[in-house]
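Undergrad: Protein chains in written order, with the numbering used here: chain G, 1 to 251; chain X, 1001 to 1414; chain Z, 2001 to 2308.
For the record, the hints were derived by calculation from the structure and aren't laboratory data.
One should not assume that every hint holds.
To be verified - Rough simulated footprint, nothing fancy, chain X against chain Z, three-plus residues with beta-carbon under 8 Å:
1. 2089 to 2097
2. 2113 to 2120
3. 2155 to 2165
4. 2196 to 2210
5. 2239 to 2248
To be verified - Below, a sample of chain X positions facing chain Z; criterion: calculated Cβ distance under 7 Å:
6. Ile1045
7. Leu1047
8. Met1049
9. Leu1082
10. Ile1113
11. Ser1182
12. Ile1186
13. Ile1305
14. Pro1341
15. Leu1345
16. Phe1346
17. Phe1352
18. Val1356
Backbone N, C-alpha and C fix where the C-beta goes; we use that ideal spot for every residue, glycine too.
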Amino acid sequence: MSEKKAAKDFVLAVEGLTVSFDGFKAVNDLSFYVDEGEIRVIIGPNGAGKTTVLDLICGKTKSTAGSIKFRGMELTKMTEHAIVHNGVGRKFQNPSIYEDLTVFENLELSFPRGRSVLGALFFRRDAEVVEAVEEVAETIFLKDQLHTTAGLLSHGQKQWLEIGMLLIQKPDLLMLDEPVAGMSVAERKRTAELLNRITKGRSVIVIEHDMQFVEDIAHRVTVMHQGKTLSEGSMERVKNDPKVVEVYLGH
Amino acid sequence: MSMPNQSSMENSALVENPLSQHGLKALFPKHDIIYLAILAVFLGILLPMTLDIFRLNLVGKYLTYAFVAVGLVLCWGYGGILSLGQGVFFGLGGYCMAMFLKLEASDPESTKIQSTPGIPDFMDWNQITELPWFWEPFYSLPFALIAILVVPTIFAYIIAVAMFKRRVGGVYFAIITQAIASILTILIIGQQGYTGGVNGITDLRTLLGWDIRTDSAKYILYYVNFILLMLCLLAAQFVRKSKLGRLLVAMRGREDRVRFSGYDVSSFKIFVFCLGAAFSAIGGAMFTLQVGFMSPSFVGIVPSIEMVIFCAVGGRLSIFGAVYGTLLVNWAKTTFSESFPELWLFAMGALFIGVVMAFPNGLAGIYKSHIEPLFSRKPKMFEKKPSTPKPASAPEPVSAEPPSIPGSISAMGK
Amino acid sequence: MFADYTSAELLSIFAMQGFAGLILFSVFVLMALGLAIIFGQMGVINMAHGEFMILGAYVTYLISNLFSTYLPSLFGIYFFVAMIISFFAAGALGALVEWSFIRFLYQRPLDTLLATWGLSLILQQIYRSVFGAREVGVTLPDWLMGSVPLTETIEVPINGLFVMGLTIAIAIAVYLLMYKSRWGCQVRAVVQNRPMAAAVGINTAKIDRITFALGCGIAGVAGSAFTMIGSTGPTAGQLYIVDTFLVVVFGGAASLLGTIASAFTISQAQSTMEFFLSGSMAKVLTLLTVVIILMIRPQGLFAMKVRK
Chain G
1 MSEKKAAKDF VLAVEGLTVS FDGFKAVNDL SFYVDEGEIR VIIGPNGAGK
51 TTVLDLICGK TKSTAGSIKF RGMELTKMTE HAIVHNGVGR KFQNPSIYED
101 LTVFENLELS FPRGRSVLGA LFFRRDAEVV EAVEEVAETI FLKDQLHTTA
151 GLLSHGQKQW LEIGMLLIQK PDLLMLDEPV AGMSVAERKR TAELLNRITK
201 GRSVIVIEHD MQFVEDIAHR VTVMHQGKTL SEGSMERVKN DPKVVEVYLG
251 H
Chain X
1001 MSMPNQSSME NSALVENPLS QHGLKALFPK HDIIYLAILA VFLGILLPMT
1051 LDIFRLNLVG KYLTYAFVAV GLVLCWGYGG ILSLGQGVFF GLGGYCMAMF
1101 LKLEASDPES TKIQSTPGIP DFMDWNQITE LPWFWEPFYS LPFALIAILV
1151 VPTIFAYIIA VAMFKRRVGG VYFAIITQAI ASILTILIIG QQGYTGGVNG
1201 ITDLRTLLGW DIRTDSAKYI LYYVNFILLM LCLLAAQFVR KSKLGRLLVA
1251 MRGREDRVRF SGYDVSSFKI FVFCLGAAFS AIGGAMFTLQ VGFMSPSFVG
1301 IVPSIEMVIF CAVGGRLSIF GAVYGTLLVN WAKTTFSESF PELWLFAMGA
1351 LFIGVVMAFP NGLAGIYKSH IEPLFSRKPK MFEKKPSTPK PASAPEPVSA
1401 EPPSIPGSIS AMGK
Chain Z
2001 MFADYTSAEL LSIFAMQGFA GLILFSVFVL MALGLAIIFG QMGVINMAHG
2051 EFMILGAYVT YLISNLFSTY LPSLFGIYFF VAMIISFFAA GALGALVEWS
2101 FIRFLYQRPL DTLLATWGLS LILQQIYRSV FGAREVGVTL PDWLMGSVPL
2151 TETIEVPING LFVMGLTIAI AIAVYLLMYK SRWGCQVRAV VQNRPMAAAV
2201 GINTAKIDRI TFALGCGIAG VAGSAFTMIG STGPTAGQLY IVDTFLVVVF
2251 GGAASLLGTI ASAFTISQAQ STMEFFLSGS MAKVLTLLTV VIILMIRPQG
2301 LFAMKVRK
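Okay, chain G solo, but in the shape it has when bound (with noise of 0.2 Å):
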């Protein structure tokens, strides 16, 4: 009874997750809860299990026990193009877009329409598309380079055309897998100020090492380690808590 409740007052909630490669649990009866409107952090040292998390909510890795209820639904028995349309997004965390096509041709591909065989056959360039295109790569800074070849761009834009793929089919949460690695200071903050713009009125996972760019964005952080939280709470609360300190922020 409380259980279906807490699950319908959380965008998402992952409860006792697990996932072991040949007896490795990767990630161990792992538990979280993400709120409406929240911008959740997840740090952690390498081989934490952060990425196998978003993995597994994205339903890329099958898990070997536990629940993920987004919205009530569960995706650990779902389709990964099922999660999709049901409103999950994820970034991976190297740029991964389509460098033959152009900008346009990538956004477009990604507009939610026309997903099925008939659909992407019949599929027409109307003005909404074309809208919708030019709005999100107006947001992403990528609107003088709409028919520039992908593979072209900087490592920065990449990661920007990205996060504007995922922008194109409106998610309800968002995981990003480290946005803003490999970018110059000057794009970090760019970076950080997309976020928080496109962040309103979603739910958003982001996985990232830069501790500066977290205390940024951060609502809530949740510290991983060797597959299980190890704390959780305000960014301030983290920061002092003995635990991370000795295994992650020490050094």
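Starting from the structure of chain G, add chains X and Z where the hints point.
TA: Leaving out everything else, chains X and Z in the frame of chain G:
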């Protein structure tokens, strides 16, 4: 998202006029319409005017392989799915046609010397006294025509669903399709009472009473074949230019990104593989009509992989290139094996190695990089340069994760 | 199909067909070991693998002719000489092929497939030009002829036992080489992380060449064994390539033990069914079963779940 809305109408040039959407402009941007016209003139006017009917019939036979090659451009060049079993679909289409023609040729009158009149001669030789049940429906031409398309497509669908839903791709898919080609050949040869065995189904004469062996029939069949090939090219062009075509290109490099943009990746692979199978089947049926027989030597491993080389020589990314590649390789094969039979295998072997090593995009690639710039200074829209392969990431060790080698083909995940 | 036989007869049939299947098993294992090294470790699809095997078979044929003409007194041991020379001949050709084009194609497995198919056509034509299109066979030394009676109804052919023993020895040697030697460790290091292996001072180009040569060399030995069960012709190798690939994939590409287990399963299934059905139907059923199992379990029989 807060966005000024004023810009949207200014850039309305991007919006394709709905009226012309499915018109020629959207379907044939840039030079494609010219290429299609050149091909049509070459095959439809030039060759029939200059070749005698024997040679023209030979070209018609070659062109039936072009159906397979065009299908392979979509599957392999665009989708990154290398099938080494296209001969299976070519053969199934061809056998469906041959079964109808054989039944027509085996009426009780002309087979009255057999111990069981009215059944195909090879059945009689194999002591079969009754027409097998799966031959019965092939008395009907409409059924046969439907079967030509439906049987190979359903077969392809079963293979594709089993493989792609489980994320099997790349090398594994190639090996499995090759094994299927091998199995079907052994089966056809082994069950000679039902299939005509190693000789195949021969001695086909008439189609609804119309003699298909005369010169005039051969002219007509050549043009039927030509028109069907043009229709297949139009269909392929439509797929290529649709969003589905762009998705295939996108999938080849970044399958996960496509999947996590909300697409069911396997359904697109299944579609394009079935389409390739249907094209091959049409080619097989036209082969039977023009050449007058069908045999397991067009089904197995060797013909299937030869069909891949037709496509590779023409250019795995060019549907028009595939047609020229098919014609060129077959013309060379006929010429060589007539005059220097022992040299032919050397030439063919060298062709495989040479195309892969030096011209991964085949004739079309050479044309794009050397000849097209002479006509136009416009940027090439689909020029492929090898980029760094991305590290494949996969949930399982065996999965369909192509490292992106645009212009090349996908590989298996590790 | 079993109804016509008594249970004692059935037992004998299974035993006899089982032993008959052993030679097929040996050829499969040797072919597949070579292929498993090249495909499983290096990711190269060697469609010319059958032609490397046939090279070994032709070498064995030549050596047997040499011995019977010039050294008839030593004819009894020619087979051992032939095996060693086959190994080095096929290995040398493998190294040459790797150097001339395989090394440019490591990132493009499907392209290696097409290129090596071209190579197989060229090799076939060379064999045809040199040895003729007719199939050739070798004479076995006396001590390999005959069979050992096990019970009244069950007999075991000696050459089968010999090839079998040989196969086990080679399989163990390959296992020790790949998993216990320093060299094997280097090979696996290169496979798992090429830049890192190069960075710690492993000559990756040399490792690649020797690995490829080793796989081809083992195929050459398979060719020697092959002369005992079949006659050698220019295209004989092509008949085995699909089966061998299925053996490797069925076993789980990277697992040597899996390769051996799957070779055993497939050869025994085929050999046993051959007694009850025609040869072609036995093959169809065997291959079909393997393909269907692979569709259900694509990772093969032995595969690890890996964290990515």
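Undergrad: Hint check: is the beta carbon of Met1049 of chain X less than 7 Å from a beta carbon of chain Z?
TA: Since the shortest Cβ distance to chain Z is 36 Å, the answer is violated.
Undergrad: Does Leu1047 of chain X pass the interface check with chain Z, least Cβ-Cβ distance below 7 Å?
TA: With Cβ-Cβ at 29 Å, over 7 Å, it is violated.
Undergrad: With chain Z as the partner, please determine if Phe1346 of chain X meets the hint condition of a C-beta pair closer than 7 Å.
TA: holds (6 Å)
Undergrad: Are there at least three residues in the stretch 2239 to 2248 of chain Z whose beta carbon sits under 8 Å from a beta carbon of chain X?
TA: Check passed, 3 qualifying residues.
Undergrad: At least three residues with a C-beta closer than 8 Å to a C-beta of chain X: is that true for the stretch 2089 to 2097 of chain Z?
TA: violated (count 0)
Undergrad: Taking 8 Å as the Cβ threshold, is the statement that the stretch 2196 to 2210 of chain Z is covered by chain X upheld or broken by the three-residue rule?
TA: violated (count 0)
Undergrad: So, Leu1082 of chain X near chain Z? Judge it on the closest CB pair being under 7 Å.
TA: holds (5 Å)
Undergrad: Given Val1356 of chain X was flagged as interface, is its beta-carbon under 7 Å from a beta-carbon of chain Z?
TA: Given a least distance of 5 Å, the restraint on Val1356 of chain X holds.
Undergrad: Holds or violated: Ile1113 of chain X as interface residue toward chain Z, Cβ cutoff 7 Å?
TA: violated (29 Å)
Undergrad: With a cut-off of 7 Å, does the beta carbon of Leu1345 of chain X approach a beta carbon of chain Z closely enough for the hint to hold?
TA: holds (4 Å)
Undergrad: Grab the minimum C-beta distance from Ile1186 of chain X to chain Z and call the hint holds if it beats 7 Å, violated otherwise.
TA: Hint holds; Ile1186 of chain X Cβ to chain Z Cβ min 5 Å, cut 7 Å.
Undergrad: Count the residues of the stretch 2113 to 2120 of chain Z with a beta-carbon closer than 8 Å to any beta-carbon of chain X: does the count reach three?
TA: That given contact holds, which follows from 7 residues of the stretch 2113 to 2120 of chain Z lying within Cβ reach (below 8 Å) of chain X.
Violated hints, listed in ascending order, are 1, 3, 4, 6, 7, 8, 10 and 14; each of the other numbered hints is respected by the structure.
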